[in-house]
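Asker: With the sequences and hints as input, model every part of the structure.
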Amino acid sequence: MKKLSIILIAVFFFSAKFTNSQVYDFDLNDLDGNSVKLTQLLEKGPVMLSFWALWCIPCKEEMKNLSEIYKIYQDSGFVYAAVNNDDTKSVGKVKSYIESKNYKFTVLLDTDKKVFETYGGQNLPFSILLNKKGEVVKTYSGFIAGDESKLEEDIIKVIKESK
Amino acid sequence: MIKRALYLFLLAAFVFSGITYSQLKLNVKVSASNLLRYGNGKENTITTSNTKEYFEELGDVRLFVNDFLFGVRYEYDAPIEFGTSVKGISRRFIEYKKEDFTVRAGNFYDLYERGLVLNAFENRGLGFNTQLDGLRLNFKRNWNKVQFNGTIMGGDLEYNDYLNPGRVEKYTIRSGNFSFSPLRLFTIGGSYLTATGNIPSGTISTDIKAELFEATLGFNYKSIDLYGTYANKKTITLPNTLFTQPLTPRGDGAFASLTFTRPSLGVTIDYKNYRFNLTTPNERSATNPTKTLPFQNPPTGVKEYTWTLLTRYPHITDFNDEVGFQVDAFYSPKDNLSLNLNLSLSSRHYDYVDSNPGILVKYERVDRTDNFIPSTNDAFSPYWEAYLEAEYYYKKNTKIKIAVARQSSVLYAIENPAASDKIRTVTIPLEIMHDFKKVYSVKLMAEQQWVYNSARTFNANEDLRKFSNHFFSLSISRSPDIIVNGNFEFSTDEEDASGKKKWASAEVTYKFSSANSISLFYGTERGGLKCSSGICRYVNPFNGFRLTVINNFN
Chain A
0 MKKLSIILIA
10 VFFFSAKFTN
20 SQVYDFDLND
30 LDGNSVKLTQ
40 LLEKGPVMLS
50 FWALWCIPCK
60 EEMKNLSEIY
70 KIYQDSGFVY
80 AAVNNDDTKS
90 VGKVKSYIES
100 KNYKFTVLLD
110 TDKKVFETYG
120 GQNLPFSILL
130 NKKGEVVKTY
140 SGFIAGDESK
150 LEEDIIKVIK
160 ESK
Chain B
0 MIKRALYLFL
10 LAAFVFSGIT
20 YSQLKLNVKV
30 SASNLLRYGN
40 GKENTITTSN
50 TKEYFEELGD
60 VRLFVNDFLF
70 GVRYEYDAPI
80 EFGTSVKGIS
90 RRFIEYKKED
100 FTVRAGNFYD
110 LYERGLVLNA
120 FENRGLGFNT
130 QLDGLRLNFK
140 RNWNKVQFNG
150 TIMGGDLEYN
160 DYLNPGRVEK
170 YTIRSGNFSF
180 SPLRLFTIGG
190 SYLTATGNIP
200 SGTISTDIKA
210 ELFEATLGFN
220 YKSIDLYGTY
230 ANKKTITLPN
240 TLFTQPLTPR
250 GDGAFASLTF
260 TRPSLGVTID
270 YKNYRFNLTT
280 PNERSATNPT
290 KTLPFQNPPT
300 GVKEYTWTLL
310 TRYPHITDFN
320 DEVGFQVDAF
330 YSPKDNLSLN
340 LNLSLSSRHY
350 DYVDSNPGIL
360 VKYERVDRTD
370 NFIPSTNDAF
380 SPYWEAYLEA
390 EYYYKKNTKI
400 KIAVARQSSV
410 LYAIENPAAS
420 DKIRTVTIPL
430 EIMHDFKKVY
440 SVKLMAEQQW
450 VYNSARTFNA
460 NEDLRKFSNH
470 FFSLSISRSP
480 DIIVNGNFEF
490 STDEEDASGK
500 KKWASAEVTY
510 KFSSANSISL
520 FYGTERGGLK
530 CSSGICRYVN
540 PFNGFRLTVI
550 NNFN
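Chains A and B supply the protein sequences, listed in that same order.
Numbered according to numbering that gives the first Met the number 0, the first sequence spans residues 0 to 162.
Numbered according to numbering that gives the first Met the number 0, the second sequence spans residues 0 to 553.
Honestly, I wouldn't trust all of these hints.
[Claimed, not checked] As a list, the in silico EDC-like pairs of lysine to aspartate or glutamate whose alpha-carbon atoms are at most 16 Å apart:
#1 K221(B) - D29(A)
#2 K63(A) - D334(B)
#3 K113(A) - E121(B)
#4 K400(B) - E60(A)
#5 K394(B) - E67(A)
#6 K59(A) - E121(B)
#7 K144(B) - D31(A)
#8 K139(B) - D24(A)
#9 K28(B) - E134(A)
[To be verified] Which chain B residues face chain A? A few, computed with CB under 7 Å, are given here:
#10 S30
#11 P479
#12 N551
It should be emphasised that the hints constitute simulated quantities derived from the structure, not laboratory data.
Quick caveat, the model's predicted, so the values are computed rather than measured.
The C-beta atom is built at its ideal place from N, Cα and C for all residues, glycine as well.
Answerer: What follows is the structure, encoded as C-alpha cells:
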C-alpha cells in the first residue's frame, strides 16, 4: 500500500503538465431563486466577489462604495457580485435590504458559507477580485473608509488587462 | 486514515483527470489561510480573579487539482479560548465537482432549508461546532425554467457540549434534502433525517433514535416572496436506569416568511412556531434526550444587533418551546437617508401551574386554543423589542446614524411569580463618521442605556434595580493599513458580574497587505451573555492582552 502510494505520487507528478488557471465554479442562487454560476459571471469580464452579511457594518460601507464603482465600470465588462453570508434567519431580510437601497448589482446567497470557506474567508468583509479567466488577482480582508480608491485602481487595472 | 484518503484521492485523480497526449494536464492551484489568536490576562468576577491564557493557531490549506478540491485544517490550541482544545488535523476532505455533481468525503457542514432539520455549522467565537465526518453527494441542475437541487449524506457527529466541553454527544446521521422548482413561481422541497445518538447526563448515557422529516413550499412572484416550512421529529429513547420505559415523544416546528419589496422599500415578516420538545419546566435541560438536537438550528426570529449595549441583554431562543414573529422594514426615502424598523415578540406556548403545592412539585399545563400566537402575559416568559434606526449621509463623507430601542424580557418563576426575572431596557445609540482627504476616517460612537433588572436584589430597593450603562468608542483609521480604536464603558450597576463599574480598552490593527493583518488589544472588557444564531454563552469579563493575526494567500 505504502509503495503503491509512492509510485502513484511519482507517476502522477512526473506525468503532469501544470497550469495555474483553476476556476472554482460555484453555483449559487440569486435573490429571485435563479441559479448563477461563476463561469456565467466571468463571460462578461472581471468579477469582484464581496462576501457580506446584514450585521456587518464595514461590509455595508464597502458595498455602498462598490455599487458606485460598478455603475461606472459595468459597461466595460466589470461584474460585481455581493455574496451574502447571513445565516438562515435573515434570508428574507437580505432582499428587503437590497431593494430598499435600490442596488442593481448581482446578489447571491451563500447561507451555508461553502463558497466563503472555499476561498479561505475567515472574517467579513472579505472580497476576491478575479480576472476574466477566473484567476484570483487579489484578496481583500476588512474595509476601511478610503479603501475604495485602491479598489477602483485594482478594478481599472484588471479591466485593462482583460482587454 | 489520512494516508488512505490521500491514496484514494490520487487514484481518483488518475482516473478522472483528463489524459491528453499521454500526459496529465493538470490545473493546480493552492490557497491557504491562517488565523492566530493569543490572549493573556485575568477573568474577573465579583469574588475571584483567574488567569486566562489561550493560544489558537489554525491553518487551512486547499489544493485544487482539476475537478478535485483537497482541504485540510491544522489546529493547535494550547489551550483554546472556548471549547475543546485540538492539536492536530481537525478538518480534512476531498471534494470532486463535475458539472452538476459534487461529492465530498471527509468533514463538512450542511444546511437544509432554514435549519429546522439540519443546520450544522461552526461558531468559533462561542466554541460551538457541529462538524460532520462522512460522505455527501449533491446534484443541482437547471433545465430552462426547471430547477432541481438534491443532497444525500451520511456521517458521524461528535458534539462537544459548548457549555460543558467534557460532555460529548455522539450521533450517526443519514439524511437527504431536495428542492424542485417546476416553474419559477413555485418551489417545493423536503428533507428526511434519521439519527442514532448517545446523550450523556452525569454518569448515565441515554441512547436515542430520532427521525425528522420536513416539507417546504416557496412562492416568488415579482415583489412578493413567500416561504413556509414544517418539520416533524420523533424521538425514541432506549431504556436505561434514568428512563426505565422508552420515551417516544413527537415534536414539530414551523417557520414562515413573507417578503414584500418595492423600489426603496423592503418589508419582511417572519413567523416561528417551535414545539420540538414541549415539556414541563422541571424537564427543560440541555441533557434531556428528547430535546432539539444540536444539529437543528432554525431561525431565531429576533434581530441580531451590532451596537455594543444592545447585545448586553440578548434573548435566548428556545427551539424546544417558542412561538413568535418579527417584522423588519427598510425604507430609503432619499439616496442619503435610510430607515430600519424592527419589531418582534416571542413567548412560550403555554403557562404551567404547580398542581401539588407545598409537597412535591407537579407541573400541569394550562391549555389555550390560541397557542399559535405569542403571549405578552408574564406567565409565558415573553420577550419583545422595538427598534428604529435612521442613517443619514451628509455630503457623502459624513455619516450620522442614530437609533432607539426598547427591549423587555421576563423569565417567569412559577412557584413565586414575584421573584420572576424581569429586564427592561431603553437604549439610544449614536454613530458619527467623517472621512477626510479620502484616506483618513474618524468614527465616534456613543451609546446610552437605561435598565430595570428585577434580579438585582441590592438592598431590596426597587430604585436600585434601575441603573444605566454608557459606552463610548473612538476610531481613527488611515486607509489602507491602520485602525486605532479606544473604548470606554461605565455603569451604575451595583452588581455587575465583574465587580467593576468602568472598563477601558484600546486596539490597534495594522494591515500589512490587503488580506493580511495583525491586531493588538489591551484593556478591560465587560463580560456578559453573547449570542449568535441562537447559540448563547456567558463570556467572563476579561482584563489583559490579545493578539490576532489573519493571513490569506490566494
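Asker: Indicate, hint by hint, whether the structure satisfies it.
Answerer: Do the hints match the structure? See the list:
1. K221(B) - D29(A): 14 Å, holds
2. K63(A) - D334(B): 11 Å, holds
3. K113(A) - E121(B): Judged against 16 Å, a Cα distance of about 12 Å means the pair holds.
4. K400(B) - E60(A): 13 Å, holds
5. K394(B) - E67(A): 15 Å, holds
6. K59(A) - E121(B): 24 Å, violated
7. K144(B) - D31(A): 12 Å, holds
8. K139(B) - D24(A): 13 Å, holds
9. K28(B) - E134(A): Measuring from Cα to Cα gives roughly 10 Å; hence the hint holds.
10. S30: Where the cut-off is 7 Å and the nearest Cβ of chain A is about 5 Å from S30(B), the hint holds.
11. P479: 5 Å, holds
12. N551: Holds, because the Cβ-Cβ distance from N551(B) to chain A comes to roughly 5 Å (cut-off 7 Å).
Hint 6 from the list above is the single one not met by this structure.
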